[in-house]
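My request is simple: use the sequences and hints to build the entire structure.
Given next are the chains, with one letter for each unit.
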Amino acid sequence: MAKKKIVWELSEAIESTDHIEIKDQYELFIGGKFVPPTQKKYFDTVNPANEEKLARIAEANEEDITKAVKSARKAFNSWSKLSGAERGKYIFRIARMIQERAKEFAVIETLDGGKPIRESRDIDIPLAANHFFYYAGWADKLEYAFPNRKPHPIGVAGQIIPWNFPLLMAAWKIAPALACGNTVVLKPAETTPLTALKLAELIQESGLPEGVVNIVTGAGESGAALVNHKGVDKIAFTGSTEVGKLIQQSTAASNKKLTLELGGKAANIIFEDAAIDQAVEGIVNGIYFNQGHVCCAGSRLFVQESVFNQVLDKLKARMETLIVGNPLDKNTDVGAINSKGQLKTIESYIKSGVAEGAELHQSSAQLPKKGFWCKPTLFTEVSQSSKLVQEEIFGPVLAIQSFRTVSEAISKANNTPYGLSAGIWTDKGSKIFNMIMNMNAGVVWANTYNKFDPASPFGGFKESGYGREGGLHGLSAYLNF
Amino acid sequence: MSRIKVLKTYKLYIGGKFPRTESGRYYSPEVEGVSIGNICLSSRKDFRNAVVAARKAQTAWQDRSAFNRSQIVYRIAEMMEDRKTQFIDELIIQGSSKKAAKTEVENCIDDIIRYAGWCDKYQQVFSSVNPVSSSHFNFSIYEPQGIISIIAPEENGLKGLILSILPVICGGNSCVVLASESQPLSAVTLGEVLNSSDVPGGVVNILTGKRKELLTHFATHKDVNGILYCGNEKKEIELLKSGAASNMKRFQSYETIEEVSPYLILDFQEVKTGWHPIEKMSESGPAY
Numbered sequence: 001m002a003k004k005k006i007v008w009e010l011s012e013a014i015e016s017t018d019h020i021e022i023k024d025q026y027e028l029f030i031g032g033k034f035v036p037p038t039q040k041k042y043f044d045t046v047n048p049a050n051e052e053k054l055a056r057i058a059e060a061n062e063e064d065i066t067k068a069v070k071s072a073r074k075a076f077n078s079w080s081k082l083s084g085a086e087r088g089k090y091i092f093r094i095a096r097m098i099q100e101r102a103k104e105f106a107v108i109e110t111l112d113g114g115k116p117i118r119e120s121r122d123i124d125i126p127l128a129a130n131h132f133f134y135y136a137g138w139a140d141k142l143e144y145a146f147p148n149r150k151p152h153p154i155g156v157a158g159q160i161i162p163w164n165f166p167l168l169m170a171a172w173k174i175a176p177a178l179a180c181g182n183t184v185v186l187k188p189a190e191t192t193p194l195t196a197l198k199l200a201e202l203i204q205e206s207g208l209p210e211g212v213v214n215i216v217t218g219a220g221e222s223g224a225a226l227v228n229h230k231g232v233d234k235i236a237f238t239g240s241t242e243v244g245k246l247i248q249q250s251t252a253a254s255n256k257k258l259t260l261e262l263g264g265k266a267a268n269i270i271f272e273d274a275a276i277d278q279a280v281e282g283i284v285n286g287i288y289f290n291q292g293h294v295c296c297a298g299s300r301l302f303v304q305e306s307v308f309n310q311v312l313d314k315l316k317a318r319m320e321t322l323i324v325g326n327p328l329d330k331n332t333d334v335g336a337i338n339s340k341g342q343l344k345t346i347e348s349y350i351k352s353g354v355a356e357g358a359e360l361h362q363s364s365a366q367l368p369k370k371g372f373w374c375k376p377t378l379f380t381e382v383s384q385s386s387k388l389v390q391e392e393i394f395g396p397v398l399a400i401q402s403f404r405t406v407s408e409a410i411s412k413a414n415n416t417p418y419g420l421s422a423g424i425w426t427d428k429g430s431k432i433f434n435m436i437m438n439m440n441a442g443v444v445w446a447n448t449y450n451k452f453d454p455a456s457p458f459g460g461f462k463e464s465g466y467g468r469e470g471g472l473h474g475l476s477a478y479l480n481f
Numbered sequence: 001m002s003r004i005k006v007l008k009t010y011k012l013y014i015g016g017k018f019p020r021t022e023s024g025r026y027y028s029p030e031v032e033g034v035s036i037g038n039i040c041l042s043s044r045k046d047f048r049n050a051v052v053a054a055r056k057a058q059t060a061w062q063d064r065s066a067f068n069r070s071q072i073v074y075r076i077a078e079m080m081e082d083r084k085t086q087f088i089d090e091l092i093i094q095g096s097s098k099k100a101a102k103t104e105v106e107n108c109i110d111d112i113i114r115y116a117g118w119c120d121k122y123q124q125v126f127s128s129v130n131p132v133s134s135s136h137f138n139f140s141i142y143e144p145q146g147i148i149s150i151i152a153p154e155e156n157g158l159k160g161l162i163l164s165i166l167p168v169i170c171g172g173n174s175c176v177v178l179a180s181e182s183q184p185l186s187a188v189t190l191g192e193v194l195n196s197s198d199v200p201g202g203v204v205n206i207l208t209g210k211r212k213e214l215l216t217h218f219a220t221h222k223d224v225n226g227i228l229y230c231g232n233e234k235k236e237i238e239l240l241k242s243g244a245a246s247n248m249k250r251f252q253s254y255e256t257i258e259e260v261s262p263y264l265i266l267d268f269q270e271v272k273t274g275w276h277p278i279e280k281m282s283e284s285g286p287a288y
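Those protein sequence lines, which keep their order, are chains G and Y.
Mapped onto this note's numbering, the consecutive letters of the first sequence carry residue numbers 1 to 481.
Mapped onto this note's numbering, the consecutive letters of the second sequence carry residue numbers 1 to 288.
Mixed in with the good hints there might be a few duds.
Said to hold, decoys possible - Once the Cα atoms are required to be at most 16 angstroms apart in a straight line, the calculated EDC-like pairs of lysine to aspartate or glutamate come out as:
| hint | chain 1 | residue 1 | chain 2 | residue 2 |
| --- | --- | --- | --- | --- |
| 1 | G | K257 | Y | E238 |
| 2 | Y | K45 | Y | E213 |
| 3 | G | K428 | G | E272 |
| 4 | G | K245 | Y | E238 |
| 5 | G | K41 | G | E221 |
| 6 | G | K40 | G | D18 |
| 7 | G | K257 | Y | D267 |
| 8 | G | K431 | G | E408 |
If you are wondering where the hints come from, they were derived from the structure by calculation, not from laboratory data.
Rendered as structure tokens:
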């Protein structure tokens, strides 16, 4: 009797949305209160997994930004004079409240941004809470962080964050700024404003003095108004290199302090002596984590020639097992692309790769009919000058190249204007240190990839921006000496 | 019959050599109506040549052991001590009193010695092992940014030069320096000191000339990684900052630099963070 092949079907494991509350309409959070925008203009935020509208969001104009900056300025006078220990207690309280509501934040993050619930539940939200917890503890210890110096707060910080890790980026910006005695005006991305607004509700409830944190929503114009506002002393921006350069130019005539966390095109380098199965997991985590919407995504894969075919075969096999679909399903590995616009961008890169003659391979995953989706994708036969290798795609698209020698790997990896991160896979200790020393990148992951921690400074070399977020190093972005 | 004095030709210092400006131009700064010499008026081409020399020298300079850099910087102080009187004479020509000139030169030599000590210490003082929550070893170290273009202060020709160059090269960067326009004599002599003190050619390159002509090139050259600006001219700062955006040069400006500080070294460093997993014996089976 012939053996019958068993096909295992996964049962759905959908996270419940019963316990969360999303209002129909959200206003601007200014001076501790939710206030309607001056022009009464609103925009929709949609769920990218099914294109359904989630809420109406206020659009801030210049006048609203001025209100927010004024309220932050007013709050600064007393907030900066509060003792570090007391400031810290407020921030600890915020951390705890996020932990208490972690599930709710995770579900909303997934609804609004399309990322798998497993990632928002296990990575985004816990890390955001931890970030507040970590920096809370710094508030009364700043003198120890900078020996022989006298640190003092800068003033009002204007902070602009992207859509790929909405709550986590808000935490990266707000926590160190408050710990150092500054007040903030934060603008979340227009496609993912919900968790920041839920955070505003939480902050209101926490009893943080009014105006210490102001959250204003809107698109690029609202952001530009914040960058150019005369009452802002510091700009912290996370986003594209293109916009980062514009911000540097438009603030050139002012005394605003600037930190920029920009794009990347990280090399993930697999040596022949690596533990291949682990490396393949690292490649997958490097490029398909959060649909590749990661500034430090390992989007350029370099494999040593002797193991090239082996790695490629295993990678293709592993790609087949990735579950693409409903982000709320706990089985899901790859969620929805964040927005229609971003999907178009990714698709145009895939098209240009094919037109250039690169070899395309995609997983055979079935994509849902509604919503914005992209199959896990890889390209071989790509040249060093290909757009796939040179430009940040910000999607689940991997460009694979081979190398023979260590020095070839180093020069190819560094041959980019970016310098945010790099990955190295080898079992040889001396090679690991050689590679760490030679990568022009702010973060180097050896035998691991895409790891983040509040105690670990993150930020780039070259055109990936300047300044660090996280760790002791992240404090200096929010202090004068 | 009194002897005819031998006048000095002031040249540039690029890649360990002393060329004249390729432009063939010069200017003659004056002190109280008297010219203090014919000084090279550097061109864009001179600057570009200097950047090429700086790039060539940078990696090897960064790869020297910190201890070795420390010794080389100490050697600069030794060589300068040797030629103290020459520096004093030049400061006097540039308008200093005898007493002030002597103090400035001696302080400069002492500052160099203090920086010599910092070369192999800032890394240890400021690097960190970061207590991450996952099972990883995580550390952050400092690395030089690369090539720094320095606009030295217009006042205090010698002191400004020393206090802007030293923190940059102690950290393993190479640099291209534009000396004070009105007080350029010490700059040229400093090049001679550097040349005889084991500082590899190209690590420090010194140009003389006019800020007005050269600032745009300092700001926009794509192979320069950072800018150190001394002064407080708003227009100049704006020009440098917006030009720097083309390739995200790091920009630092100081009204004056008065002291030796490791934080000035850090201003021209990048933080690099490394991660590696730590195996947990308990998770990988019975320990031995």
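Here is what the structure says about each hint:
Taking the CA atoms of G/K257 and Y/E238, the gap is near 13 angstroms; set against the 16 angstroms cutoff, the hint holds. A hinted pair counts as satisfied when its Cα atoms are at most 16 angstroms apart, and Y/K45 with Y/E213 qualifies at roughly 12 angstroms. Annotation: proposed proximity of G/K428 to G/E272 holds, straight-line Cα distance about 10 angstroms (limit 16 angstroms). At most 16 angstroms may separate the alpha-carbon atoms for a hinted pair to count; G/K245 and Y/E238 meet this at roughly 14 angstroms.
For the hint pairing G/K41 with G/E221, the CA-to-CA distance comes to about 13 angstroms; that is within 16 angstroms, so the pair holds. The hinted pair formed by G/K40 and G/D18 fails the criterion: a straight-line CA distance of about 30 angstroms is larger than 16 angstroms. For the hint linking G/K257 to Y/D267, the alpha-carbon distance of about 14 angstroms falls within 16 angstroms, and the restraint holds. For the hint linking G/K431 to G/E408, the alpha-carbon distance of about 14 angstroms falls within 16 angstroms, and the restraint holds.
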